[in-house]
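First residue of the sequence shown: 194, per this note's numbering; consecutive thereafter.
Listed next, with one range per pair, are the computed distances between beta-carbon atoms:
1) A241 <-> R220: 14 to 24 Å
2) A329 <-> T283: 20 to 30 Å
3) A348 <-> S382: 44 to 54 Å
The hints are simulated quantities; they were obtained by calculation from the structure and are not laboratory data. Predicted model only: the values in this text are computed from it and were never measured. Virtual Cβ for every residue (Gly too), placed ideally from N, Cα, C.
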Amino acid sequence: MGDAADEVDKLLKSDSMHLSRTQEVDRVLSESPLDPFAVLGVSHTTSANDIRLAYRNKSRLIHPDKAVHAGAREAFEKLKRAESELMDDTRRKTILGLMDEARREVSAQPRWQNSKTTDEDSGEEFEMAVRAKYRAIMVDIEWRRRQRAKQEMAAEGAAKAQAEEEAVRRRRKRDADKEWEDGRDERVSSWRNFVAVGSAKKKEKKKKKRRKDDGPSSLTGDSTNVGLGVEDPVQKL
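Could you build all of it, start to finish, from the sequences and the hints given here?
Here you go:
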């Protein structure tokens, strides 16, 4: 009888643990990754040592090897990222600074100006409003970061396009200069041939002109010479 009761207790504890693991996985997955305190399920006033302890306990609870849940691994990795963020002193101070900013903005709202629930340790509704405001601030920061990244990428793209265009321009000029230089000998040879042909034509023209100018006088001179060299038969007689 006692053994049976022990077995029942074990089953109940096992079912209870399974339920706890499942609930914790669902809780971690439901929290915004922008709020690592919420992911770990601790207050923003929690010390670094308590943050480490909370992570250790919860990571054992939802470890993928123990938790029978489809999202166990995702929840485990999300929990680890939250712990890493909060164990980074610089990052934790930044988060706490933004949390204080959210608290001031919520406190300035008419709903809370005359309320005593703005005390740090009281007012669950106020704390929820602060966390909601903090998430809104983080979303705005992330949106601005992405917009800035897009603008930087666009600027880099424009600069890259301009650099590529300039490179193409330089390459074309270099090719044109090389082509011009490679054709230099051919151009010089063509010019020399052109000059030589032109000079030959001029010389030929001059020769023709000279022959034309000298032709008639040359014939007259020859006739006179021939006449002088023939004896007159009358004189001979």
